[in-house]
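Protein sequences appear in the order of chains L and G. With positions in the first sequence counted from 1, the corresponding number in my numbering is that position plus 1352. With positions in the second sequence counted from 1, the corresponding number in my numbering is that position plus 1352.
For the record, the hints were derived by calculation from the structure and aren't laboratory data. Any given hint could be a false lead.
For identical chains, the list gives no copy identity; a pair is met inside one copy or between any two copies.
20 angstroms max Cα-Cα, derived SDA-like pairs, lysine to any residue [to be verified]:
1) Lys1410 with Glu1376
2) Lys1410 with Asp1445
3) Lys1408 with Asp1428
4) Lys1408 with Arg1426
5) Lys1410 with Thr1581
6) Lys1408 with Asp1424
7) Lys1410 with Pro1584
8) Lys1408 with Thr1447
9) Lys1408 with His1421
10) Lys1452 with Ala1439
11) Lys1408 with Ala1423
12) Lys1408 with Ser1443
There are 2 protein chains.
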Amino acid sequence: MTDTTSTRPRPRRKKILVVSAHPEPRSLNAALTDFAVGHLRAAGHEVKVSDLYAMKWKAAVDADDIPDHAADQRLDILAAQERATLAGRLSADVTAEQDKVRWSDAVVLQFPMWWFSVPAILKGWIDRVFTNGFAHGPAVPPPYGEDGALGGRRALLSMTIGARESAFSDRGVHGNLTDVLHPLQHGVLWFTGMAPLEPFAVYGTVDLPEERFAAVLREYGRRLDGLFTDEPVPFRALVGGDYGRDMRLLPGVEAPGAGGLGIHVRPRGA
Amino acid sequence: MTDTTSTRPRPRRKKILVVSAHPEPRSLNAALTDFAVGHLRAAGHEVKVSDLYAMKWKAAVDADDIPDHAADQRLDILAAQERATLAGRLSADVTAEQDKVRWSDAVVLQFPMWWFSVPAILKGWIDRVFTNGFAHGPAVPPPYGEDGALGGRRALLSMTIGARESAFSDRGVHGNLTDVLHPLQHGVLWFTGMAPLEPFAVYGTVDLPEERFAAVLREYGRRLDGLFTDEPVPFRALVGGDYGRDMRLLPGVEAPGAGGLGIHVRPRGA
């Protein structure tokens, strides 16, 4: 007799955008991208990939992003991005990426950590795609957080790090990884309404032994399996939440003794 | 009668590199760059400017940075950057920027804060110019900090921020500015040996009133006057300092109650 109630429910078919940023198609980052695509498709999901180097993605925001911009006019870039977004008049490459983000239920960013952040080409994807009027801005007012412009989507940073894990531990010289990634996890992902998961980091990639690669894939597979079920980082909510109208955390909200960037996260289980 | 003893000593003539990253020559960032150049030259210093948009700076690290790289070879980019650096075989644009940094006594980075960091074009200047073998790396081993590869140089982040200052205050929703800038101040500048000053930030630039502009320039002038005399951020030293061989802060080094990224800064006056 088969107990069908113990069968794991097949997750609903979801749509995932993987944005990948490494110049070498035989790199560890490319391998992780390929693995994610295969693993997610095998689980029944739809996947699109933006391979930024293969696409020769233009990194720098400039007037070419705004086809209607008159060359002799002063370019107020953020305002111009917003006007072009609302008018549906952004450049074709940016519009195509916005369409992929809008289509997606989750966004995975795959990159090598360079200088404690994303490579320039991926920063340029964020700068150019997450325009005012699309990802945030006066036309898309707060609340930031889950009710924001890109709300309802999950997000996962998946990165390779040359250094040892201890250097990014609680007392590590580079700062702990959570704090170092705050501008991305909270600044980019939470701010636009996405629900960021704990990041997936592979350390020591300057010289990764072959036998560790298999373990890395197993672990990454587990994280991808939890893309829609793991608890996101419980960042606090802005409006109707824990912040005042001056954008500051209300007094006494944090746990006693809490300090640093950790005050912007709700204690687990609270 | 003139009391000549109260005359401020004229600072020794120094060399300053200003790296500027805004697409619009009539922007506030461009105005701050022009002001800095004029102010520093009037004080007797030599100044060079890298206006990244005007230079059409290539943001993305790729095989073109490594002219000797064979197209059919797997590109291990960080190792390839190091080999090309040590052999003097980096691309001409990267070499020119390294020469400017080497020439300088101080580096000023002028940029609009986009997505809680530098614009992609400036991230690409960091990614491409600060190679292994030039700014750090096996050929330039630790100690990081003042004895590092670019030691003896001061560094100043000068940025415009659209949001209000309260949003970047100690309890501000985006995280306090010091923590948000840690990947740049500590990760990029301190790590390479430079001595970063407290950043200079102009807030509320989405709609900056004309009368505030004059006050901004006065304050920026004061900060530039202190470029070689203000106390840098007292980040801790790695080797022979407060960290163990595992790259973690030694137990009990920080002040009681200290937490977050602040543990990597020596208490002032200590």
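Hint-by-hint comparison with the structure:
1. Lys1410 with Glu1376: Answer is both; intra-copy 17 angstroms and inter-copy 18 angstroms each pass.
2. Lys1410 with Asp1445: Both, since 9 angstroms and 18 angstroms are each at most 20 angstroms.
3. Lys1408 with Asp1428: The answer is between: 19 angstroms across copies meets 20 angstroms, while 26 angstroms in one copy does not.
4. Lys1408 with Arg1426: Cα proximity of Lys1408 and Arg1426: across copies only (18 angstroms, versus 28 angstroms in one copy).
5. Lys1410 with Thr1581: Neither, since 34 angstroms and 40 angstroms both go past 20 angstroms.
6. Lys1408 with Asp1424: between (28 angstroms within a copy, 19 angstroms between copies)
7. Lys1410 with Pro1584: The answer is neither: 31 angstroms in one copy and 36 angstroms across copies each exceed 20 angstroms.
8. Lys1408 with Thr1447: within (16 angstroms within a copy, 23 angstroms between copies)
9. Lys1408 with His1421: between (23 angstroms within a copy, 19 angstroms between copies)
10. Lys1452 with Ala1439: Within one copy, since 18 angstroms is at most 20 angstroms while 43 angstroms is not.
11. Lys1408 with Ala1423: Result: close only across copies, 17 angstroms inter versus 25 angstroms intra.
12. Lys1408 with Ser1443: Cα proximity of Lys1408 and Ser1443: in one copy and across copies (15 angstroms, 19 angstroms).
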